[in-house]
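Protein chains in written order, with this note's numbering: chain H, 221 to 641; chain X, 100 to 379; chain F, 25 to 329.
FYI, nobody ran anything at the bench for these hints, they're computed from the structure.
Quick caveat: nothing in here was measured; it's all calculated off a predicted structure.
Treat the hints with caution; some may be incorrect.
Incomplete in silico selection of chain H near chain X, CB under 8 angstroms [to be verified]: (1) Ser295; (2) Val298; (3) Asp301; (4) Lys305; (5) Thr308; (6) Gln309; (7) Pro477.
From the three backbone atoms N, C-alpha and C, an ideal C-beta is built for every residue, glycine too.
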Amino acid sequence: MKRRSFLAATSVAGLASALAACSGNSDSASSPESLSKDTKAELTLFYWDKAQTPTIEANIAAFNKEYPNIKVTPSVAVYKDYWTKLRTQAEGEQLPDVFWMNGPNFQLYASGGMLADLSDLTDVPWEKYPTALVDLYTYENKKYGVPKDYDTIACFVNKTIFETAGLQVPTDGWTWEEHRAAAKAIKDSGAAPYGVMVGLADAQVSYYNTIYQAGGYVIKEKKSGFDDPKTIAGIQFWMDLIADGTQPGPEVTADTPADQLFMNGQGGIHWGGSWEVKPLREKFTGDEIVVVPLPKGEMQASIIHGLSYAASAKSANLAAAKALVKAMTNQAANQTEASNGTAIPAFAETQKPWFEQAPSWNLDVFSKAADSYAIPYPASKNTAAWVDKQVMLADAFTGKAPLEDTCKKLATEMNTALGEE
Amino acid sequence: MSSAAKSWRQQLRYWPAHLVLILGGIVMLFPFLWQVLMSLSANVEIQAVPPKFIPDSPQWGNYVQVFEKLPFLSQFWTSVLITVVRTGAQLVLCSMAGYAFARMQFRGRGLLFGLILAILMIPGQAYLITQYQIIKSLSLLETPWGVILPGMFSAFGTFLMRQAFMSLPRELEEAAHLDGCNVWQVFWKVILPLVKPSLFAVAITTVLWSWNDLLWPLIVTTREESMPLSVGIATLAGQYTTDWALIMAASVMAMAPIFVLFFTMQRRVIEGLATSGLKG
Amino acid sequence: MSDATSNRRHRRNPMTAGAWPLLFIGPLMLGVLVFYYYPIIGNFYTSLTKTNAFGGNAKFVGLANYADLFARNDLKSATLNTLIYTALVLLAVPISVVIASLLELPNLKGRSLYRVLFFMPYLAMPVAIVQVWRLFFNGNFGLLNQFLKAVGVQNPPYWLSTPGAVLMTVVVVGIWASIGFNVIILSAGLKSIPKELYEAAAIDGATALQQFRTITVPLLTPSIFFLTIMQAIGGFQLFDYLYAMLGGNNPAEASSRSLVSLFYQAAFVTQNRGFGAAVTIFILVLVAAVTALQFWAQKKWVHYV
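Work the whole structure out from these sequences, hints included.
Structure (structure tokens):
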């Protein structure tokens, strides 16, 4: 996938879906057209980010204006539990009717026959969503997810702490060295106990970015990149910060999560995703925060990803479930998402309110990253199988094992898992 | 010298024992006391350095929040239901089977009893995967019955009840039979009332295990509405990692029923458990 | 059957007649067959299969899961963690012996209050009470580290996320939680020791400590033996405390797993059922071996009266 293409919308996808709709099965019972105001049904909706609850509730309310007798019960679980539960539910044929899906898990569920084919949703304007996202949720030419949002990674900078430390707020194009020096200055000046804070257990906001910034890669052509020296250099970035004492080790962020530490004023820089803007704004109500692009290594890079809504293939109310997917991803729902400030909506031309919610925060950084230097979240058919192996990096971060050995071991185990796909 | 004074002098001589027991007792009690205090504190007070044990003003709102953040009532009823049904079923089934193994003559008795005892020797996880598949094929996942079913049958309870029946004199039954009672009547009206302490021991161990058990309900229930409290608390703690006051309030509420039950019948609980151990 | 002879004196013994035995054991046996015997066989078969990512489509793979099991480091660390935990939690037994013998001192005042205090942890729901212990051991503002810092320890460890330290915290909680039950069993055992033995020893001039060593402990060995068996079996089942103690995103999670957590992770998180089943077979063999060892060793130290 070309970087620039991630957010480019195209009408070809729309055409393809229209064709698919003609050739696809015309089982009317499973299509939302069979629904009416009187349709009675009960649906469950499962998601993982409780910060987005207001948007979910508002969109369900809008759905209920159209279908007052379809009762939707949302439930939320933390990210890690979410996937454990979803997998167990999939096996037990207990999947929720509608649920969030992400790139790393999509192919597994689609190839396992767990997801309802949404290609027959004729009135979804597929061309309004970024092609890359539509493609991300397409499996063997069938669409199994309607894009919901997209996200990139950037640095949240606490201006107050930078001022106390006598530092200038960094600008676009700042380098790894400048980042490391700033972190050190914050700690040494006593402005905050830590310079940077990232949850190193979350690859997407931490080492995945630096791996690509260093010119390395996570997977390429079914091979792990963790034995590549450049990849290792990307992880070394964090080892250096931990060694400086400017970034808390994973044992610290396990006790108190990195975003929590940042909110408590324990550090000057926080690497985070665009989805964190909402909870951060609830804590920092003024303009003490500004968003800055991730520092540059050999090149600039930021991981881009986007979620979609999917429906269970075995839903007892498939027509209603598909209608709900549509309602959660249509233009109005995306506008709600933007004005609530929860996530950057995927639907074309609905994003503005999201970027304008806090002008002084410089939120455009997230879209600039998406437009010019974003790297798609690395994924394969069974991503979960090898992502699980990455926990062994904690051994390196906590100093239990040398980084190089850990990465070599990780690469070997990942390649085994990739070979089994 | 009065006997009261003598007894006090004796306690004085026991001072090292009292010291050890008081210190030990504090260690035992402290987590509970602290949890209750935290459940009434504001979150900042809980994270205060230096520690602050007594809240400035009791935050009853923490308890109200439990009902907002967790389907507490439905989880509570699930816990009650699974506990009551499993305990009732075990009492009836284990005492019946225990009686048969203790008193009745039938072919293969030794073998069957051996098969029951063998279950005790095998770690519980070895059953879980297939039990899960059975519950799934019965379409009972996410239901209280799915949680209940395997736990209705207990090898330990059967063993305990058999021991209790064995210790009764046979003459009782023989006399009752001569009076014209049938086997069921003898069992139900004459024998069962005589083994109340053992029945109580089975009940108390089942109640405790059933209320507090985590692994099996964690596997069978994934939705908040269908979970019992043990899984609910684990989920809540994962969801609201740093909302300590809320977690403590929910924990206090989840444990309270067992403690109320215990304090209303503590003597019998302790005696019951002592029998369960001695007979084991 | 041999004891049938005693009943033959009665012309028609109702206890052997007709369907009664079947009626009495039938319901239990049915449940036991369906929910225990079929599963144990099914589990063994499962350990010889491999499923897809959703636990379905099982294929027979022979001993591949076992080969995988022994090739992986997971099993080594999980076994080691479980054995260390079990061994250390056994410390609860001697502690309980001391507590119980103090509790059973003749005419001790406040006995029932003490007994209730020591018994309370046994009643507690593990996941609920562990929340307090998580705060106690919290690295940033936990009581323990605040205390350690106050007495001058520079950088006390993050107990809940440092591999190794986690196991120790669980041991502390495990001991704390098991004293109650132990004390009850031991108290009952103590009550059955004849008072005359102590009186005779006192006349011979034995001190309280000598009495404890020569009378109490030896006569208590059957109860102690029972408790070490129970405690060891319980130790091998370590899951609840560990699961509740370690939150998500914990770098120490993978290296702190017990055998049962490894089983849960394999069978119900990554849905690798065959591997999970193989883990349970391994636990089974290990528990059997340790229990057999204890029964063998008991001949050397347990005194039956």
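Here's how the hints hold up against the structure:
no.: 1; hint: Ser295; result: holds, 6 angstroms
no.: 2; hint: Val298; result: holds, 5 angstroms
no.: 3; hint: Asp301; result: holds, 6 angstroms
no.: 4; hint: Lys305; result: holds, 4 angstroms
no.: 5; hint: Thr308; result: holds, 5 angstroms
no.: 6; hint: Gln309; result: holds, 6 angstroms
no.: 7; hint: Pro477; result: holds, 6 angstroms
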